[in-house]
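Engineer: The lines below spell out each chain.
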Amino acid sequence: MADLSNTFVGIRSPNPFWLASAPPTDKEYNVRRAFEAGWGGVVWKTLGLDPHVVNVNGPRYGVLHGPDRRVLGLNNIELITDRPLQVNLDEITAVKRDYPDRAVVVSLMVPCEEAAWKEILPLVEATGADGIELNCGCPHGMSERGMGSAVGQAPDLIEQITRWCKQTTRMPVIVKLTPNITDIRGPARAAVKGGADAVSLINTVSSITSVNLDTFSPEPSIDGKGSHGGYCGPAVKPIALNMVAEIARDPECRGIPISGIGGVTTWRDAAEFIALGCGNVQVCTAAMTYGFRVVGEMATGLERWMSEAGHPSTSAFQGRAVPNVTDWQHLNLNYVTKARIDQEACIKCGRCYAACEDTSHQAIAMKPGRVFEVKDDECVACNLCVDVCPVENCITMERLAPGTVDPRTGKVVEDGYANWTTHPNNPARVAAE
Amino acid sequence: MTSARRAPGIAPARLPGDALAANFADLHPRLGDHEALVAADRCYFCHDAPCTIACPTEIDIPMFIRQIQGGDPKSAAKTIFEQNILGGMCARVCPTETLCEEACVRMTAEGDPVEIGRLQRYATDALMAENGHPFSRAPETGKRVAVVGAGPAGLACAHRLALHGHAVTIHEARPRPGGLNEYGIAAYKAAGGFAQAEVDWLLRIGGIEIVEGRLGEDLTLDALAADYDAVFLGIGLAAVNALRAEGEDLSGVQNAVDWIAGLRQASDWAEVPVGRNVVVIGGGMTATDAAIQSAKLGAEQVTLVYRRDRAAMAASDFEVDLAAASGARVLCNARPVRVLGEGRAQSIEFEYTETGPDGLTGTGETFALPADQVMKAIGQTLVAPAGLEIEGGKIRTDAEGRTSRPGVWAGGDCASGGEDLTVTAVAQGRDAAESIHRALGA
Ligand SMILES: Cc1cc2nc3c(=O)[nH]c(=O)nc-3n(C[C@H](O)[C@H](O)[C@H](O)COP(=O)(O)OP(=O)(O)OC[C@H]3O[C@@H](n4cnc5c(N)ncnc54)[C@H](O)[C@@H]3O)c2cc1C
Ligand SMILES: Cc1cc2nc3c(=O)[nH]c(=O)nc-3n(C[C@H](O)[C@H](O)[C@H](O)COP(=O)(O)O)c2cc1C
Ligand code: SF4
Numbered sequence: 001m002a003d004l005s006n007t008f009v010g011i012r013s014p015n016p017f018w019l020a021s022a023p024p025t026d027k028e029y030n031v032r033r034a035f036e037a038g039w040g041g042v043v044w045k046t047l048g049l050d051p052h053v054v055n056v057n058g059p060r061y062g063v064l065h066g067p068d069r070r071v072l073g074l075n076n077i078e079l080i081t082d083r084p085l086q087v088n089l090d091e092i093t094a095v096k097r098d099y100p101d102r103a104v105v106v107s108l109m110v111p112c113e114e115a116a117w118k119e120i121l122p123l124v125e126a127t128g129a130d131g132i133e134l135n136c137g138c139p140h141g142m143s144e145r146g147m148g149s150a151v152g153q154a155p156d157l158i159e160q161i162t163r164w165c166k167q168t169t170r171m172p173v174i175v176k177l178t179p180n181i182t183d184i185r186g187p188a189r190a191a192v193k194g195g196a197d198a199v200s201l202i203n204t205v206s207s208i209t210s211v212n213l214d215t216f217s218p219e220p221s222i223d224g225k226g227s228h229g230g231y232c233g234p235a236v237k238p239i240a241l242n243m244v245a246e247i248a249r250d251p252e253c254r255g256i257p258i259s260g261i262g263g264v265t266t267w268r269d270a271a272e273f274i275a276l277g278c279g280n281v282q283v284c285t286a287a288m289t290y291g292f293r294v295v296g297e298m299a300t301g302l303e304r305w306m307s308e309a310g311h312p313s314t315s316a317f318q319g320r321a322v323p324n325v326t327d328w329q330h331l332n333l334n335y336v337t338k339a340r341i342d343q344e345a346c347i348k349c350g351r352c353y354a355a356c357e358d359t360s361h362q363a364i365a366m367k368p369g370r371v372f373e374v375k376d377d378e379c380v381a382c383n384l385c386v387d388v389c390p391v392e393n394c395i396t397m398e399r400l401a402p403g404t405v406d407p408r409t410g411k412v413v414e415d416g417y418a419n420w421t422t423h424p425n426n427p428a429r430v431a432a433e
Numbered sequence: 001m002t003s004a005r006r007a008p009g010i011a012p013a014r015l016p017g018d019a020l021a022a023n024f025a026d027l028h029p030r031l032g033d034h035e036a037l038v039a040a041d042r043c044y045f046c047h048d049a050p051c052t053i054a055c056p057t058e059i060d061i062p063m064f065i066r067q068i069q070g071g072d073p074k075s076a077a078k079t080i081f082e083q084n085i086l087g088g089m090c091a092r093v094c095p096t097e098t099l100c101e102e103a104c105v106r107m108t109a110e111g112d113p114v115e116i117g118r119l120q121r122y123a124t125d126a127l128m129a130e131n132g133h134p135f136s137r138a139p140e141t142g143k144r145v146a147v148v149g150a151g152p153a154g155l156a157c158a159h160r161l162a163l164h165g166h167a168v169t170i171h172e173a174r175p176r177p178g179g180l181n182e183y184g185i186a187a188y189k190a191a192g193g194f195a196q197a198e199v200d201w202l203l204r205i206g207g208i209e210i211v212e213g214r215l216g217e218d219l220t221l222d223a224l225a226a227d228y229d230a231v232f233l234g235i236g237l238a239a240v241n242a243l244r245a246e247g248e249d250l251s252g253v254q255n256a257v258d259w260i261a262g263l264r265q266a267s268d269w270a271e272v273p274v275g276r277n278v279v280v281i282g283g284g285m286t287a288t289d290a291a292i293q294s295a296k297l298g299a300e301q302v303t304l305v306y307r308r309d310r311a312a313m314a315a316s317d318f319e320v321d322l323a324a325a326s327g328a329r330v331l332c333n334a335r336p337v338r339v340l341g342e343g344r345a346q347s348i349e350f351e352y353t354e355t356g357p358d359g360l361t362g363t364g365e366t367f368a369l370p371a372d373q374v375m376k377a378i379g380q381t382l383v384a385p386a387g388l389e390i391e392g393g394k395i396r397t398d399a400e401g402r403t404s405r406p407g408v409w410a411g412g413d414c415a416s417g418g419e420d421l422t423v424t425a426v427a428q429g430r431d432a433a434e435s436i437h438r439a440l441g442a
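Keeping their order, the protein sequence lines are chains A and B.
Per UniProt numbering, numbering through the first sequence is continuous, rising by one, with the last residue being 433.
Per UniProt numbering, numbering through the second sequence is continuous, rising by one, with the last residue being 442.
Treat the hints as calculated values from the structure; they're not laboratory data.
Virtual Cβ for every residue (Gly too), placed ideally from N, Cα, C.
Just so you know, not all the hints are guaranteed correct.
Partial list, computed: chain A residues near chain B (C-beta under 10 Å) [claimed, not checked]:
(1) Pro67
(2) Val211
(3) Lys348
(4) Gly350
(5) Ala354
(6) Ala355
(7) Met366
(8) Pro390
(9) Val391
Derived lysine-lysine pairs resembling DSBU-like cross-links, with alpha carbons at most 35 Å apart [unchecked claim]:
(10) Lys78/B <-> Lys367/A
(11) Lys348/A <-> Lys375/A
(12) Lys394/B <-> Lys189/B
(13) Lys27/A <-> Lys96/A
(14) Lys189/B <-> Lys78/B
(15) Lys143/B <-> Lys78/B
(16) Lys348/A <-> Lys74/B
(17) Lys118/A <-> Lys27/A
(18) Lys96/A <-> Lys118/A
(19) Lys348/A <-> Lys189/B
(20) Lys225/A <-> Lys74/B
(21) Lys74/B <-> Lys189/B
(22) Lys348/A <-> Lys143/B
(23) Lys348/A <-> Lys367/A
(24) Lys166/A <-> Lys225/A
Pair ranges (Cβ atoms, derived) [said to hold, decoys possible]:
(25) Glu392/A <-> Glu102/B: 18 to 26 Å
(26) Ala316/A <-> Thr98/B: 51 to 59 Å
(27) Glu97/B <-> Asp101/A: 55 to 63 Å
(28) His28/B <-> Glu392/A: 27 to 35 Å
(29) Lys411/A <-> Glu400/B: 52 to 60 Å
(30) His28/B <-> Tyr335/A: 25 to 33 Å
(31) Asp112/B <-> Gly301/A: 44 to 52 Å
Could you put together the complete structure from these sequences and hints?
Structural biologist: In structure tokens form, the structure reads like this:
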């Protein structure tokens, strides 16, 4: 049996599934129940200095629904904790005392002044918490006050507050990054420079989920007005995976532990984050949509997959996908494939035909009896037909063996590897060795 | 109640009113908004969709389902009505399992089609509930067209002609319009007076007048041809095949279509008389409908007897299963020999059959079933108007619905080509209207 137990920046937990700092972790009642349900750890809902903030008193979440009202994306305009600091500290103390084997990390957001950090850190340390996470990501409300993503978008500020924290506390410091930035490596490098023990990402993506066409207010609507919120859930996973990969393969960030966040919904998502270098994952929307019990599926699924794939622990496959993330210019242009349609599996919907004919390369023929066949002399292997086909594995990509002629280009498929850097059409090409 | 149920002979009110109301409620009520979205989402928006090809009226099914997905059932309804103005009735009565839904690629994928019929109803009900009419008439052309018969074929033809600006007079023999929608279709498929409501809604296009009159009695084809610029015949199949069995004249033996017509016109289910022991003879939709509705009225034993084997039955699997589920027994390979009884039907004798090289033959082995009521559902036939060529018992028409007589078109059950279905009648009526429109324009 594979072992799910996890150590992240020295913090031990029975599995790699932590609840992200958010409503699921905003009080003792929730966190106790989460631990009973099997979560490995929590990052407590972000604390600030008193007087505590207030939230809007109208709706704070918006949603993007998929079929059957499945939640694909959630957006929120909630701020950090709206309860007094001491209440939170007391509850954290009680929970950590009763669950010594679980990870309890405290998320923090205070103004960018050394005094503010020096004030709050000893109070948190006294709770017995395992570590802190600096919330440099919240994109709404707090950012208007110079905190959250306003810090996350300014690498020098990230470096500064990270350094203050490292100087002040014995606890490991995780810096939580905002995706609302053009190049995630800037903030990540700043965290590394400031001495961070780890980064976690992503926080939510600035978003407006919908506009009410009767009132012309963005949703969620507060008395006819809306403010951009932070987007999370399955829809943001691709953004998060890319940002994680960017950091994982950045030489300047080499080795920095990463806690993966953003759209983790099933065990498979978690495995993908870990394969891209994450030491653990954090979950918010999946718990907010389905409740704490989802961790049961995540844990059993990950464990079964690891056992079957022969990975005794998460560290056995952690980062295995990182070397395979490369720049476009290094992709092998001698890798020539063609779409192949399995006529037995085909249900004759014709979606591949419509997609390829109307928007791709007119490379699928529709023959009598609704038989769809790929025209190898037109197929550029774009994969669109594979993606739109409703039947899994009905359309697949088949590699043309080196030595055969690609009917589209009339050229012999070459053996070996060749990329854009040496391609004759590249004005900046370098001579091939 | 028990005694009412077992009352001998043919009697009304075998079941209490609430049981009857429940039995005759909508077979497939309209989907709720969420159900419709979930059902619509299963549509793959196929290219050159097989369902559309399978629909006799060629409704753009993927498009209307996508409009439902987009939360716009009224536009979906318009997409449907553009091809099939009786899309509301068709959504209720079409044997979709042998039409669009049979062709759905989800059948190939998982044996479970998109619920096209129910989605069609979801859409059409949405627009009809508004009482608006989605089309407006072209300016009057000054041309006048006579339509004979206000069934699905005649109504579809009249609507399309009116749309093009022609003035249409429908001559209908029965007191109420709708044809078999009003007098034939099973009550639980067209619950809530839908047939009449649909005709009223359809007539909102304007330019259509319905008058009472029977071709062959107070009207002749010659007179119509002389008075109007074109004539369309949608007269259905007005006569019924005879059983040719001894005892057919006994009281209690009747045509299933007549009994169903009475049931459809009843103002209260408790008024409809039904036998304690009912035997229905036939293998088509009329037979299954008669059996199912007898059972729903509380007949104690209902047996549907068909002379050939199960596979040869014209009724779809769905209809036969529904009959079985309603409590009727389906008995194949037996043919009636004689109806027995003193003054009224009391039992009926059958002979087992087999199909051999000489076709259907009796085995000589017989059995009898108790029968207070015997319903014949062995097919309707054309009462042919004089002066038209007949082919296979139907008025011969070409692909556009033109008969052998210039200026006279025909469509629906009375015309050759296509199955005897509501949707086929609509398609033929509509296409004949387009053909008439072209002819009048020239
Ligand atoms: C019991 C039963 C159940 C059925 N169930 C279904 C079903 O579930 N689904 C389905 O798709 N189909 C069903 N059908 C078939 C369907 O009803 C017919 O195919 C359809 O109604 C044909 O339409 P039509 O306009 O050609 O004829 P009809 O509906 O028969 O209409 C003909 C009209 O012409 C009138 N008429 C006849 N003769 C004259 C005349 N000489 N002068 C003036 N007017 C005349 C009649 O009164 C009638 O109003 C069923 C049929 C029956 C009998
Ligand atoms: C309602 C809500 C409130 C949140 N509050 C915080 C917060 O206080 N501090 C923080 O660091 N992140 C906060 N987040 C972001 C989550 O911790 C997490 O980074 C984000 O939701 C992405 O993960 P997910 O896709 O699993 O939801 C919040 C998210 C939601 C939905
Ligand atoms: S891979 Fe692209 S080009 Fe090739 S058949 Fe599929 S859609 Fe067309």
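Engineer: Next, verify each hint and record whether it holds.
Structural biologist: Comparing the hints with the structure gives:
1. Because the closest C-beta pair between Pro67/A and chain B is about 4 Å apart, less than 10 Å, the hint holds.
2. Hint on Val211/A is violated. Least Cβ distance to chain B is approximately 14 Å, over the 10 Å limit.
3. Hint status for Lys348/A relative to chain B: holds, with the closest Cβ pair at about 6 Å, below 10 Å.
4. Because the closest C-beta pair between Gly350/A and chain B is about 3 Å apart, less than 10 Å, the hint holds.
5. A cut of 10 Å between beta carbons decides the hint on Ala354/A: the least distance to chain B is about 4 Å, and the hint holds.
6. Taking 10 Å as the C-beta contact cut-off toward chain B, the hint placing Ala355/A at the interface holds, the least distance being around 9 Å.
7. Taking 10 Å as the C-beta cut-off, the interface hint given for Met366/A holds, the closest approach to chain B being about 7 Å.
8. Because the closest C-beta pair between Pro390/A and chain B is about 5 Å apart, less than 10 Å, the hint holds.
9. Below 10 Å, beta-carbon pairs count as interface contacts, and Val391/A has one with chain B at about 7 Å; its hint therefore holds.
10. Taking the CA atoms of Lys78/B and Lys367/A, the gap is about 32 Å. The hint holds against a cut of 35 Å.
11. Simply put, Lys348/A and Lys375/A have alpha-carbon atoms about 17 Å apart, close enough for the 35 Å limit, and the pair holds.
12. In summary, the hint linking Lys394/B to Lys189/B is supported, as the alpha carbons are separated by about 27 Å, within the 35 Å threshold.
13. Restraint check for Lys27/A and Lys96/A: satisfied, since their Cα atoms lie roughly 12 Å apart, inside the 35 Å limit.
14. For a cut-off of 35 Å, the pair hint linking Lys189/B to Lys78/B stands: about 22 Å separates their Cα positions.
15. Proximity of Lys143/B to Lys78/B is assessed by CA-CA distance (about 27 Å); at most 35 Å being required, the pair is judged to hold.
16. For a cut-off of 35 Å, the pair hint linking Lys348/A to Lys74/B stands: about 29 Å separates their Cα positions.
17. For the hint pairing Lys118/A with Lys27/A, the CA-to-CA distance comes to about 24 Å; that is within 35 Å, so the pair holds.
18. For the proposed pair Lys96/A and Lys118/A, the alpha carbon gap of about 22 Å is at most 35 Å, so the pair holds.
19. For the suggested pair Lys348/A and Lys189/B, the alpha carbons sit about 32 Å apart, so the restraint of at most 35 Å is met.
20. Distance check on the hinted pair: Lys225/A and Lys74/B sit about 30 Å apart at the alpha-carbon level, within 35 Å; holds.
21. Annotation: proposed proximity of Lys74/B to Lys189/B holds, straight-line Cα distance about 22 Å (limit 35 Å).
22. Taking the CA atoms of Lys348/A and Lys143/B, the gap is near 46 Å; set against the 35 Å cutoff, the hint is violated.
23. Distance check on the hinted pair: Lys348/A and Lys367/A sit about 11 Å apart at the alpha-carbon level, within 35 Å; holds.
24. In summary, the hint linking Lys166/A to Lys225/A is not supported, as the alpha carbons are separated by about 41 Å, beyond the 35 Å threshold.
25. The beta-carbon spacing between Glu392/A and Glu102/B, approximately 24 Å, falls within the hinted interval of 18 to 26 Å.
26. Distance hint check for Ala316/A and Thr98/B: the Cβ-Cβ separation is about 56 Å, which falls inside the suggested range of 51 to 59 Å.
27. In this structure the supplied range 55 to 63 Å holds for Glu97/B paired with Asp101/A, their Cβ-Cβ distance being about 58 Å.
28. Evaluation of the 27 to 35 Å hint for His28/B and Glu392/A yields a pass: the beta carbon distance comes to about 32 Å.
29. At roughly 55 Å, the beta carbons of Lys411/A and Glu400/B sit within the given window of 52 to 60 Å.
30. Between His28/B and Tyr335/A the C-beta distance comes to about 53 Å, which lies outside the given range of 25 to 33 Å.
31. Remark: the range hint 44 to 52 Å for Asp112/B to Gly301/A is contradicted by a beta-carbon distance near 27 Å.
When each numbered hint is compared with the structure, violations occur for hints 2, 22, 24, 30, 31.
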